[in-house]
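Chemist: Each chain is listed here by its residues.
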Amino acid sequence: MNKQILTVSPSPHVYGKESVKSIMYGVIIAMIPAFAVSLFYFGLSALFVTLVAVISCIAFEWLIQKFILKNEPSISDGSAIITGMLLAFNVPSNLPIWMIVVGSLVAIGVAKMSFGGLGNNPFNPALVGRVFLLISFPVDMTSWPKPSVLNMNLVDVQTGATPLAVIKEGVKNGQQVSDLLNTLPSYFEMFIGNIGGSLGEVSAIALIIGGIYLLIKKIITWHIPVSMLGTMVIFSGILYLVNPDLYVDPLFHLLTGGALLGAIFMATDMVTSPMHPMSMIIFGVGIGLLTILIRVFGAYPEGVSFAILIMNAFVPLLNKIKPKRFGETKKV
Amino acid sequence: MLKTFPKGGVHPPENKISKERKIEELQLPKTVTIPISQHIGAPSTPIVNKGDKVKVGQLIAKSSGFVSTNIHSSVSGVVNKLEEMLDSSGYKRLSIVIDVEGDEWLDTIDRSKNIKKEVTASQEEIINKILDSGIVGLGGATFPSHVKLSIPKGKTAEYLIINGVECEPYLTSDHRLMLEKADEMLVGIEILMKAINVNKAFIGIENNKPDAIAHLIEKAKSYKGIEVHALKVQYPQGGEKQLIKALINREVPSGGLPVDVGAVVHNVGTAFAVYEAVQKNKPLFERVVSVTGKNLNQTANYLVRIGTSVNELIEAVGGLPLDTGKVVNGGPMMGKAIGSTDVPVTKGTSGILLFSEKESKRKDVYNCIRCGKCVSVCPMGLEPFLLMTLSEKAIWDRVESEKAMDCIECGSCSYTCPSSRPLLDFIRLGKSSVLKIIRTRQK
Ligand code: SF4
Ligand code: SF4
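First to last, the protein sequences are chains A and B. With our numbering, the residue at position 298 of the first sequence is 509, and numbering never jumps. With our numbering, the residue at position 121 of the second sequence is 135, and numbering never jumps.
Warning: the hint list may mix true and false statements.
The calculated lysine to any residue pairs, modelled on SDA-like cross-linking and capped at a C-alpha distance of 20 Å, are [what the hints assert, rightly or not]: (1) A/K531 x B/I409; (2) B/K407 x A/N331; (3) A/K228 x B/E371; (4) B/K377 x A/S285; (5) A/K531 x B/D411; (6) A/K232 x B/V379; (7) B/K407 x A/P527; (8) B/K350 x A/V225; (9) B/K377 x A/P284; (10) B/K375 x A/S230; (11) B/K143 x B/V81; (12) B/K308 x A/Y226; (13) A/K429 x B/S434; (14) A/K428 x B/S434; (15) A/K228 x B/S374; (16) A/K228 x B/R376; (17) A/K535 x B/K417; (18) B/K377 x A/G227; (19) B/K417 x A/R536; (20) B/K372 x A/P221; (21) A/K535 x B/E416; (22) B/K76 x B/E98; (23) B/K106 x B/K350; (24) B/K208 x B/E138; (25) B/K375 x A/I216; (26) B/K417 x A/E539; (27) A/K228 x B/S370; (28) B/K377 x A/I286; (29) B/K372 x A/S230.
Since the hints were made in silico from the structure, they are not lab data. Quick caveat: nothing in here was measured; it's all calculated off a predicted structure.
Bound-form chain B, shown alone:
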């Protein structure tokens, strides 16, 4: 029996159309738009001005607190402007716009292809390097990685858990990375293990990627303490809490952190970025993005410089098909629909997913038939139908006591409801109202 998390979950059609497409470098854009807020936490502080010349990898915005991070230029050229620009959240955010000239990298970056296996940096050096290099969770959560690696006093990490699950349908960027950059990734994992001082790491990969599992098992033989585990395909296994449960059978307490049960979780993409930062001195300024959708003739996995417009990615696969009804930044279950394709790729963009108009339509909403399916698929053991009703009626104290804040917004409930009720929409409303109440209470 393959491991998985025991409670809830759904299995949407996988549609990994782009899984055979090798990672290709996308052509350099003419300009990039780099928002100063691409991560969870405080926006970074810009340190360049209009007219400044920058190189690839140069720091352009500094971390502005513990939960924040650095941002680097992804291109060489001239800063055109600092201005509020539309980003994929649908809001205008301060961004640094750079006109591209050539492709001149900082000479501190090691651009050679050889794999540097030996890890010489100390624990402290590693964590500092990760902060300096602006690394955030690349699975989509964009939580600054150095924060996760700084274990709070009184807690100890026992295991490093590496998320190679890629449970979102369609997306294949992690899959390709595991196939094409296995050694780099494994060195990255060793570095992460050193950073949190553990000697055991588990890589969890869903069983729909047998090639990646076989490849990594083979490669991992020459690294100490790294185990690869095949997992049963089940969404949302990539959720931190579900993955920890699946791999080491421990349950992160409600309101707690993974480290409370001795685990620290990082994504495979993050492990690769850590390798590049620590071993090659290369900050995070590019990432792999899947461009996919059933209405595309051609799909791709591109290595993209941060700040490149989504338009360029879509043009590269042949342009936006006429029947496109929706473009999603991320996967179909948790990604965000974007109203305009003229927004930049950021550190959290794991995929650009196109839906035809037909696929974009929501179904008609019916009465709740009390089937209990939303309850049985909720991986957090919540009662989505109840949370929705309570949110509709604005009974916020009950929304809170029924544990709405535990909801990981995986969307399994809305996905499953035969009456097509907008469960998660209302739960989000409930959560944000409860959050406001909690904040005023703390004051």
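Next up, chain A with everything else stripped away, as it sits in the complex:
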């Protein structure tokens, strides 16, 4: 009757639309608002830094796969683009280009490919790249260009300290927090991004828009960002209540530094974060605690990157927490 060859394969016979690619490109789309703000405040140099980071990440991944690992190139999955963008988001827009290239090599070569590529890396590659740069080139990594609207200059930008660094230095020198705050941009300016900092971390509103997009697209869940930011608010809130002259208020902690960038884009990295809700919450709480500890009592003004990397190391342990099995309850 019919001689057609029929495929015999086990169920299920239909699949969801989501793919590694669609997830990765979703993340890229979510980064666009923050990227746009960085172009607005830091001008062409932001574009330049980002392009260099993205291109070097893609190139290193391709070269390593082609000549060292000799396996199928996977650059089309989009994950190298994300690593490049996140690395760029985490550096000042006036960082020398060769440093960005070195950072990309560390991110892709050391933190990602040496562990077996996408899915196998325990640490967030962009953060490994960033921390490597921070430790190797502390001066370049912490002199931030002052934002100036639509700056077309590639050189000669004014540099200054980030709000977190101003507070940290000032408190160390015995100044009161409230006096220091008067010298800083208002909270509204922090909210829209008119402050010093890494190029992708400055605008709270742009990051939040990206985060909402990720939530709607179900690429991330609320667990990590909410538990991390919530812990930061509670911990810094307690300190603030204890002594408002010494400790800055929680809102300041949320709006400055890499808190939102970290909570929305880096701590939620699927590969390097835990797999189920309970362990995600513990992970987020851990990052929040460590961030404030480093910011307030540590040597660095900013602690989000370190906090995330430290908690990355705990992920295998956190994944040992089991989800609640169906029917686990005692027999009735």
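Go by the hints and put chain B with the ligands onto chain A.
Modeler: Leaving out everything else, chain B with the ligands in the frame of chain A:
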């Protein structure tokens, strides 16, 4: 808020293309091939020989144990042969092949159209009748129904739960049955309630069938103790454990049975078959089968005699389209792909689903990106990615301790994985290996 089960689940496109197609009787075939193993449990024992004349509804193979059931001829004619024939599982199984002559039914069967509402049979008579009539779970599980109705000593049933969920995409046979045979079905439910001695029954129907919900709510008013509940659309709500959780918020313990939480679950199709058996003396020899697929010009819901070749169903809707790549016996999530369409419809065939070649392709497999989506969709609270890795590495004791045996093989994990990893394939491998180990341990 509509009720549903709380943990996991997916919502694949519903594609209920054939839902408007009324149930039609399929033309009688020239021969039927009736396998003696169409249910879970021991194969039945044939009691006819080559050359015997049989009538429609006549017993041709007898139950061979407690978990087994009877099989009846679906046609009248002459037994042509008893031989190993290919069935939808892909294996050859002993089957009874009958050449059709006319359509002569046993005269004990009441063929009148009137609905007999009054239930006179006693509890024991009902259960015996259900066994005699060869009734099995018609949702696809094909577990002999009389076994589920025989409540083990020391346990009591409190609720009868009727599965009208039809959560598998595409399939519409239960939907049509609820619309067209509501009264028969409700009488069937009363009979089932009597069999397990409960006075409360819940019918669960997903909210994508508002016409069936409205119709049954209206009809159920004249029956005592039967409630209809609309449920949020969520696959795999038709899974026994998920449906019980959704309707009465009780969790069947791991390794336990529904009756452990006081519930007995039957499918709407089964309730209809019970009505026919008990009230009309008609054994189970035909069932409703959806014939559907996006590449078909016409879809259908056919009333089909058991043993009819799948070919005949496909011919009736216009033949196998040239671009067909896969034919599935059942739904897209849990059905079985069949390598040949020359296999018989059996008691468990709820649908014949066609996929074009394009739809049949599996996507490329990537590394696990540890997104946790498989964990969050698993309705049993398992970690599919972990079970797959453990099965790949053949660490069977961990596969067991991570509760692989709780997996209901719903396929939600494989459906969802963005890296298209064959999670369920490996979990099945793990389960069968663990099962072997458990069996040797028991010896
Ligand atoms: S592990 Fe089993 S029960 Fe869980 S989603 Fe996969 S197939 Fe369904
Ligand atoms: S859904 Fe797929 S990629 Fe995501 S954790 Fe599970 S196996 Fe890994």
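Chemist: Evaluate each hint against the coordinates.
Modeler: Now for the hints, and whether the structure bears them out:
1. A/K531 x B/I409: The given pair, whose Cα atoms are some 17 Å apart, holds under the 20 Å limit.
2. B/K407 x A/N331: Within the cut-off at roughly 17 Å; holds.
3. A/K228 x B/E371: Between A/K228 and B/E371 the Cα gap is close to 18 Å, so the pair holds against 20 Å.
4. B/K377 x A/S285: It holds: about 15 Å lies between the C-alpha atoms, which stays within 20 Å.
5. A/K531 x B/D411: holds (17 Å)
6. A/K232 x B/V379: holds (12 Å)
7. B/K407 x A/P527: Holds - the C-alpha atoms of A/P527 and B/K407 are around 18 Å apart, at most 20 Å.
8. B/K350 x A/V225: Holds: B/K350 and A/V225 sit about 12 Å apart, inside 20 Å.
9. B/K377 x A/P284: OK: B/K377 and A/P284 at ~17 Å, within 20 Å.
10. B/K375 x A/S230: holds (15 Å)
11. B/K143 x B/V81: Distance of about 15 Å is within 20 Å: holds.
12. B/K308 x A/Y226: OK: B/K308 and A/Y226 at ~15 Å, within 20 Å.
13. A/K429 x B/S434: holds (17 Å)
14. A/K428 x B/S434: holds (18 Å)
15. A/K228 x B/S374: holds (14 Å)
16. A/K228 x B/R376: Judged against 20 Å, a Cα distance of about 12 Å means the pair holds.
17. A/K535 x B/K417: holds (11 Å)
18. B/K377 x A/G227: holds (11 Å)
19. B/K417 x A/R536: holds (8 Å)
20. B/K372 x A/P221: holds (17 Å)
21. A/K535 x B/E416: It holds: about 12 Å lies between the C-alpha atoms, which stays within 20 Å.
22. B/K76 x B/E98: Measuring from Cα to Cα gives roughly 18 Å; hence the hint holds.
23. B/K106 x B/K350: holds (15 Å)
24. B/K208 x B/E138: Within the cut-off at roughly 10 Å; holds.
25. B/K375 x A/I216: Measuring from Cα to Cα gives roughly 13 Å; hence the hint holds.
26. B/K417 x A/E539: holds (10 Å)
27. A/K228 x B/S370: holds (17 Å)
28. B/K377 x A/I286: Holds, at roughly 18 Å.
29. B/K372 x A/S230: With Cα atoms ~17 Å apart, B/K372 and A/S230 stay inside 20 Å; holds.
Hint compliance for this structure: every hint is met.
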